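Q: Construct the complete structure from the given sequences, taking the supplied hints into account.
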Amino acid sequence: MKNRIMLITLLTLFGLPATTHASLNVFACEPEWSALAEEIGGKLVEVTSATHALQDPHYVEARPSLISRVRKADLVICSGAQLEIGWLPMLLSKANNRDVLPGQAGFLEASSFVPRLDVPQSVDRAQGDMHPQGNPHVQMNPHNIALVARALGARMALLDAANSAVYAKGTDEFLLRWQSAIVDWEKRAKPLAGKRVVCHHKSWVYLEDWLQLQEVATLEPVPGIPPTASHLSSLLSELGTDGSGADVIIRSPFQSAKASDWLQEQTGIPAVMLPLTVGGTDGASDLFGLFDDVLNRLLALTGGAGG
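If you count the sequence shown from 1, position 85 lands on 320 in my numbering, and the numbers rise without skipping.
Keep in mind the hints are simulated off the structure, nothing from the lab.
One or more of the hints may lead you astray.
[Unchecked claim] Straight-line C-alpha distance at most 27 Å; calculated DSS-like pairs for lysine-lysine: (1) Lys278 x Lys307; (2) Lys430 x Lys493; (3) Lys329 x Lys307; (4) Lys404 x Lys307; (5) Lys278 x Lys430.
[To be verified] With beta-carbon atoms standing in for the labels, derived distance ranges: (6) Arg306 x Lys422: 40 to 48 Å; (7) Arg306 x Ala464: 42 to 50 Å; (8) Ala416 x Gly478: 27 to 35 Å; (9) Pro299 x Pro355: 47 to 55 Å; (10) Pro505 x Ala464: 49 to 57 Å; (11) Lys422 x Lys278: 29 to 37 Å; (12) Glu500 x Tyr294: 23 to 31 Å; (13) Leu336 x Asp477: 50 to 58 Å; (14) Ala416 x Ser347: 23 to 31 Å; (15) Gly518 x Pro350: 22 to 30 Å; (16) Gly277 x Pro299: 28 to 36 Å; (17) Ser328 x Pro355: 41 to 49 Å; (18) Gln414 x Lys493: 12 to 20 Å.
As the structure is a computational prediction, the values presented were derived from the model and not from experiment.
Where a beta carbon is used, it is the ideal one built from N, C-alpha and C, also for glycine.
A: Laid out in structure tokens, this is it:
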């Protein structure tokens, strides 16, 4: 015990951390926020993601292991806009951790800090799986990532005031690299402006807004309803068998390729699987790789050199 006390005293005197364990336990609902927390907090944070890139974040089982993680969490960060409405409330209830409930400092909704798109004027069950608070897939615009990074860094500093300077530095260093990357991405992406896309699900509205893509159709007849033969047939009529109606068909890793492959065969419109979050492809190993890979795949299919 004396040796341990002496070691802690020496470490403190020399300005070194007295322990090696993380100061903040972060529970992220999606991999993009897990990656962002690690970028900002580094070794000060221990991060768990409830979902992975090959999993639809709309549908998650409130497993005992996840309940345990939330119970131990200092901070829960999720996309929000009701993306996790089917499972997060149950998870929070069973975890019984008041510090990370909505409205508390330990709960952060990424979508609350960005301009939301596709906010419906009214909600009707006939419209399918609509989100009354707007489209929740905010991570697909890098400018949104920057906004969330500021909010997340500030929240970490609030929850772990002793290390606030470290979180501020981590945020600033990340944003410096991030803004430089955005300049490069936007230069490369210029040939994509105006390209017409068919999407499996309305997961890409923020990417479309950023890159000035034009969504002309979705493979789902309404959001959340799998593609049907009748709907695909109508799309074939709209797009034409000569492929003149669109430039690319997009799906995410956890969506079946069957519908997009069929439409590609019938029309000649190239189909591509794009990572929707970190880990969605081998190239999307971190947040920087996510946007690198998205652009690489789109440019390769649409004939853009991308600078």
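Q: It remains to establish, for every hint, whether it holds in the given structure.
A: Status of each hint after checking the structure:
1. Lys278 x Lys307: 18 Å, holds
2. Lys430 x Lys493: 23 Å, holds
3. Lys329 x Lys307: 12 Å, holds
4. Lys404 x Lys307: 26 Å, holds
5. Lys278 x Lys430: 42 Å, violated
6. Arg306 x Lys422: 40 to 48 Å: Holds, since arginine 306 and lysine 422 (Cβ atoms, about 46 Å apart) stay within the stated range.
7. Arg306 x Ala464: 42 to 50 Å: Once the Cβ atoms are compared, 46 Å apart, the range 42 to 50 Å for alanine 464 and arginine 306 holds.
8. Ala416 x Gly478: 27 to 35 Å: 33 Å, holds
9. Pro299 x Pro355: 47 to 55 Å: About 36 Å separates the Cβ atoms of proline 299 and proline 355, which means 47 to 55 Å is violated.
10. Pro505 x Ala464: 49 to 57 Å: 22 Å, violated
11. Lys422 x Lys278: 29 to 37 Å: Taking Cβ atoms as reference, lysine 422 and lysine 278 lie about 34 Å apart, which means the hint holds.
12. Glu500 x Tyr294: 23 to 31 Å: Distance hint for glutamate 500, tyrosine 294 holds at roughly 29 Å.
13. Leu336 x Asp477: 50 to 58 Å: 55 Å, holds
14. Ala416 x Ser347: 23 to 31 Å: Hint holds: Cβ distance 24 Å, inside 23 to 31 Å.
15. Gly518 x Pro350: 22 to 30 Å: 28 Å, holds
16. Gly277 x Pro299: 28 to 36 Å: 29 Å, holds
17. Ser328 x Pro355: 41 to 49 Å: Between serine 328 and proline 355, where Cβ atoms are some 27 Å apart, the hint is violated.
18. Gln414 x Lys493: 12 to 20 Å: Between glutamine 414 and lysine 493, where Cβ atoms are some 40 Å apart, the hint is violated.
Hint compliance for this structure: hints 5, 9, 10, 17 and 18 are broken, all remaining hints hold.
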